[in-house]
Amino acid sequence: MAVEIQPERAEPAGGGPAAPEAARPWWMRPGFHIGVIGAVIGYVLGHLLGDFLASGYAQNSLSDSNDVPIVLGYLCATVGWLAGLGVFNDLLRAMAGKPLGDSHQEEGAAEPGLAKYFRFTLDHKVVGIQYLFGMIAYFLTGGLFAMAIRTELLSPAYHIMGPNEYLMVVGEHGTMMMMMMSSVILGPFGQYFAPLLIGSKRMAFPRLEAAGFWLTPAAYIILLSGVLFGGFPTGWTGYEPLATEARQGMDSYYFAFGLMGISMILAGFNMIVTIITHRAPGMRWGRLPMFIWSMFTVSFLQVLSVPVLVGACYMALMDRTFQTAFFTNQLGGSSYLYENLFWFFGHPEVYILALPGFGVISEIVSVFCRKPIFAYRVAAAGMIGVGLLSFFVWQHHLFDSGINPDMRPLFMLTTELISIPTGFIYLVGMGTFWKARIRFSIPMLFALAFYFNFLIGGISGVYLSDVPADVTEHGSFFVMAHFHYTIMGGLIFAFMGGLYYWLPKMTGIKLNETLGKIHFWTMFVFFNSTFLPLFAVGDMGMPRRVFEYARNLETLNDWVSISAFLLGGSMLIFLANVVMSLLFWRERETGNPWQARSLEWQVPSPPPPGNFERVPVVLSSPYEYGVPGAPPVADLNPPPGVIGSAYASAGLAGVEA
Amino acid sequence: MSVPARAAALLAAVAAVVGLGVFVAVYYIGSQSTSLPTVRYTASGGQVNVVLQEDPQNNSSSKPDWVSYYVQDPATRQWVHTTLFSVPKDTRVNVTIYGYDGCTPLRNNYWSQVQGTLGGTVSVQQFKKAGKPLGPARNVSVINSWATCSVAHTFAVPSLGLFVPVASPPISLQNNLCGTSPCTPSSGPYSLEKFSFMAPDHGGVWRWQCLIPCGGGYLDGNSGPMQTLGYMMGEMQVVS
Amino acid sequence: MAAAQNLPAPGPQGHGRAEPRHGLRLFLMWLPMSVAAVAAIWFAWYPHLPPGRMSDAAAGQQFDIAVLSVTAAPVVIGVLLYFVYAIVVWRARPGDDSDGPPIHGHTRIQVWWVLITSAIVMWAFAFGTYELVVPAGAGSGEGPVPIWKLTGTTTPAWAPGTHDMLQVQVIGQQWVWTYRFPQFGGMETTRLDLPEGMPVEFHVTSLDVIHSFWAYQLGVKADANPGVDDVAYATPKQYGSFTVRCNELCGIWHGAMYNYGRVVSPAAFETWAAGVESKERSDGLLAALPPYALVYDPTVIPQLGKQFTKVAGITGANGYYYPGPQAGTTHGDPVSP
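Residue numbers (this note's numbering), protein chains in the order written: chain A, 1 to 657; chain B, 658 to 897; chain C, 898 to 1234.
Derived by calculation from the structure, the hints in this document are not laboratory data.
All clues stand as given, with none of them false.
Chain C regions said to be covered by chain A (calculated; three or more residues, Cβ under 8 angstroms):
1) 958-971
2) 1011-1018
3) 1043-1056
4) 1140-1151
Negatives, chain A to chain C, calculated, CB over 12 angstroms:
5) PHE32
6) ILE276
7) LEU503
8) PHE526
9) VAL603
10) PRO606
11) LEU636
Which bits of chain A does chain B cover? Going by a derived footprint, with three or more residues having C-beta under 8 angstroms, they are:
12) 159-166
13) 236-250
Glycine is no exception: its CB is placed at the ideal position from the N, C-alpha and C atoms.
Could you put the whole structure together from the sequences, leaning on the hints where they help?
Laid out in C-alpha cells, this is it:
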C-alpha cells in the first residue's frame, strides 16, 4: 500500500505557508493546543455575533437572559475547536481538489511518544486510547458530583447547598453520566477492538471516528461550563417547559447533549459500515464475536434514536433563543411533545448503555469458563431483540403523565416483552457456566458481579413496567436504584471487567492484581450497599431530585451516603491502580495472558500499526474452547491469492495454497 | 519514560484530581445560601419585629433590574440585601413590609386571601410619601389583585400555611415608583403592611417565596429573581 | 467422544463417570428456598408492603407488588443459586489448564427457557393489566379522557353517605399545591381533606410547568401539565394523614413542594368544606377566583378583560398580562388601563 507523502497544507484558518511536513514544529501543526485556541476564538466571535443579532433581547422579549450569544458562542467554539484540531483539513482539501494530506494512518499507533493522542490521529487504536482516558475523566467528574449529592442528602432538613446549587449538581451528575457514558464501552473498546476482532486493518471511516472522539471533550467542557451560569434546573431529562424558563445554564445542557449526540451518530454509523464491509474473509456472521454483535446492535440504536434527541435539543434551543413555542401548551405547542421526543431517544439510550456491557461480559465469560458461548444464536438474537424492542417501549416513562390510558397496557406488554431477550443473556451466561472450568481472574469477577447486579436491576425493571406498581415507584428512588443497578452495576462493571481484560492488549501493560482485587471487592460491596436500600427508600415515598425528605428515611439515606463515599473511595483505588500500573509499575504483558482464542489476542500487544501484517483468513469461531482438533481462529499469514478460497470450511484449514 | 518524568506525571495527575475535588467542594458547599448574610432578630417580651421591603430594582451590580426584597437589620436599621433572616422559636413574629413595587396580577388569585396570620388579616395603609398617608390603616383579609391592580408581590411560607399578599401603591401613583434601592419612605410611594404570626416551636429552616411570577424567563416568569436567594425567595431560620 | 455440536447436558441420563446430577441438585435446592421465600413474602411481608392500604388504589398496588414479588423471588433465587453453585462446583482446580466441554447449546433447554420466560412475562402482563383496569386505573393519572373510572354519581353538590363522587381539582404551581372543590362553590384551599369510603375523582393540572401530584399513601400519581386535565381516581379506605409530594422536577423548590392531607369521616369533611366555602364567600374571595375550569390559561384573566388586553400569548417577565412598559419608562411601571 503506497502512501503518498504530501507537504502538509496550511490550516484553513490561514496558518503558515505550505512547508514540508518534517520542518513544521509540533506546535504549529493542528492539535489539541490549536484546538483550544480555536475554541476560545470561536466562542468570542460567536458571542459577539449573538450580541449583534439579538442585542436587547432580554429587554425586548422579557426573557431576562440572553441565550443567543451563548448558543452561538458554543457553536462557533465547537467549530473552532474542530478546525484547530484539523478535523476539517482533509475535507477542505478534497473540496478544493487537492490531494489529501498524509493521514499518518500507517504510522499512527507506532509513532513514538504521546503527542499522537493529542492530535486528530486517524488510527483507530489511538482513538480508542483517547476515548479510554476521556471516559475515565468524564466518569470521575460525574462521580464527584454524585458525592456532592449524597453529601446534601445526609440530612433531610439541614442544607449544605442552596436549592439551586443542589439541582445544578443533580443535573450535572446525571447528564455527565447519561450523556458521556453512552460511549464508555463503544469508545474505548469498540473503536479499539472492532477492527481487530473482525480481522480488519482499520475502521471504515477513520476521520469520522476521530471526529466523533474530539467532539466529546467539547461536549464535556460545554456541559461543565453550565456551572458558571448557575447550572440547569431540569435534571438530565431537560423537560420543557421548565427548561424554557431556566437561565443560561440550560443552553449548555442542550448544546452539549446535541454535540454528544452527533458524536454518537458518527461513531455508530462508522461501526455499522465497518462491521458490514470490513470483515475478514471467513468471518461469517455466525462467527462474529458477541462483542461485535453488541457493537453492531448498539450502533443501529444510536443511528436511529439519537437524531430524535438532537432534534429535541434543537427545538428546545429554539424555544429558548428565538422564542418559538414548540413545547408551550398555552401557545399551541405541547409539553408532551418534548417528553415523547426525549424518551423516544431516552429508552434506546439506556440500551445503548446496557448492550455493550452484555457484549463485553459474553467475551469475558467464554474465555474464563473455557467453553464456547452457550447458544450463540440465542445470544445474538437476544441482542437484536433488545435493540429492536427498545424502540417500542418508551411510553413506560410516561405512564402517569396523562397519555392516553389505553396505551398503557400496550406499553406494559412491550416493556415486559423486552425482558425476554434480556433474559437470553442469562441463558447464555448460565449455559456457559455449566460444567465449565471457571478461572477467577479479575475480569471474571467483574462479570459475575455484572450478572448479580443486572439481575437485580432487571427484575426491578419488571416492577416498573407494571403500571400499578409504577404508580408508586415512578419518579422515586426506586427508579433511581433500578437504573443505577442496570447502568452502573451493568455497564460500569462491564467496563471495568473489559479494562482489566483488555488493557494488556492495548498497552502491553497489565493492571496490578492486588489492587485490582481490592478495587473489585470494595466496588462491589459498596455499590450494593449504596443502591440496594434505595429501592426501599423509593417505595417509602421519596421522590427523585429532592433535597428534603421524610424524617423516617434519614437513617437509610445516611447509610446510603456513607456507602456512596466508600464507593467513591473504591474509584480512587481504581484510579490509583490505573495510574500506578501504567506509569510506575509497568508490568509487561505482551502475550496472550488469558489464553483467549479471539482474533485480537493473536497479534502482539500493543498491535502493530496495521493490526495485521496481512488481512487474515478466519478459519473458525473464536469460541471453540474445548473442541478437540479445532482449527485456530484464523490464519494470520495467508499465502497470497488465498482470498478467493477464503470461504472454505474449517476442514480445509490445513490446505496450503 | 524516565522515573522523574513518571513521578512528575503522577504528581500532576494527583494534583489535578485533588484540585478538581477541592474546587468542586468549595464551589458547591460555599453556595449562595451561606454567602448571603442572615439578619438575626432577637426576641423581647416574646415578640420579634421583622421589617422587610420589596423594591422594583436592587442595588446589586450583577442584576440591578431584578425586583428584590430587603431585610432591615434591627440593630443598625440598615437595609441588607438578603432574604435570610432568623427568629427565635415560639415567639410572636410581627412583620412589617414596605411595598415599593408596582402591581402585577396574581397568577392564581387565590393568593389574594390572607392566610396564616394571627387574626387572619393584615393591616394595609398606603402612603404617597413618608408622612403622607392616603387614608387610615385598614385590616383586610383579601386584597383582590384582579379587581384592581393592587398587589405587588406575596410573602408566603408554605410550610407554615402563611400566605400574605403584599399590596402595591395605588395605581394612580405607579408612575413615580422609587427608582434607586434600597428605597426609603421618602423616595417614592409605598404601601405599609403589617401582620403577625407565631414562629414554630422547634428550630429549623423554613423557605419562603413570592407567588407572583414577575421574574424573568421567556415564559411563566418564575425564573430570575423568583428562583434566586436574596431576591424574591429566601429562608426563615427558627433558632431554638 | 466425538466433537459433537450438542452434547446431552443436564438430564436423567448421566455420563459414564457418575457425574453428579447437577440439574437435580439445583432443583432440590431451589425448591425449598423458593417456597420459603414465597411464604415469607406473602404472609409476613405483604401486609407491610408499600404503599399501604389507605385507599383502594393503594391496596391494589400493594397486592400487585406482592404478586410481582412472589413471581420474581423464585426467578432471582434460581439464578443466584445457579451462579453460586457454578462457582463452587465448576471452578478450575489449581493447576488445571484444560478447557471445558464444548457445549454449544442445548435445544431443549433453550426452548424451555424461552417458553418459561415468556409465560412469566405474559402472566405479569395479564395480571398487571387486570390490576390496572379493575381498581379504576390504579390511581394513575389517565389524562383528560379516562377509561377506567370509579363508579359514583357525578353531581354538582356533594353529600356524605351517598354514592356521590367527590371532585377535587389539584392545581400545581411553582411551588405550592392548591386544591379546588367545584362541588363546594369552587372554593380553593391549601389543605386536602378527603372523606373516607367515598370515591374521589382528582383533576390535576398546572399553572406553569410540569409538576406531578403524588399522594403516597393514597397511591395516586398524576402529572400536572399546564393546560391539561389529568384525571385519577381513588377511594380512601382508612383514616389518617397522607403525604402529598411533587414528583416531577419543577424548579428549585421542587424538593420542598409538599403538604399533608387527611382522610376524615364524610360528615367531618362536609363540615370543613362547607365552612371553607362560606368563609371564602363572605371574604369575597370566591368571587375573586376564576370560574372553575378543568384547565386554566393564566394569560387570560376574565375579570381584567374589560380593562386590559391579553398579550398575544406571552406571559413575560414581570408577569404583565397586558402590554408591557412603553419604551422609555422605567421597570416596574404598569401601563395604565
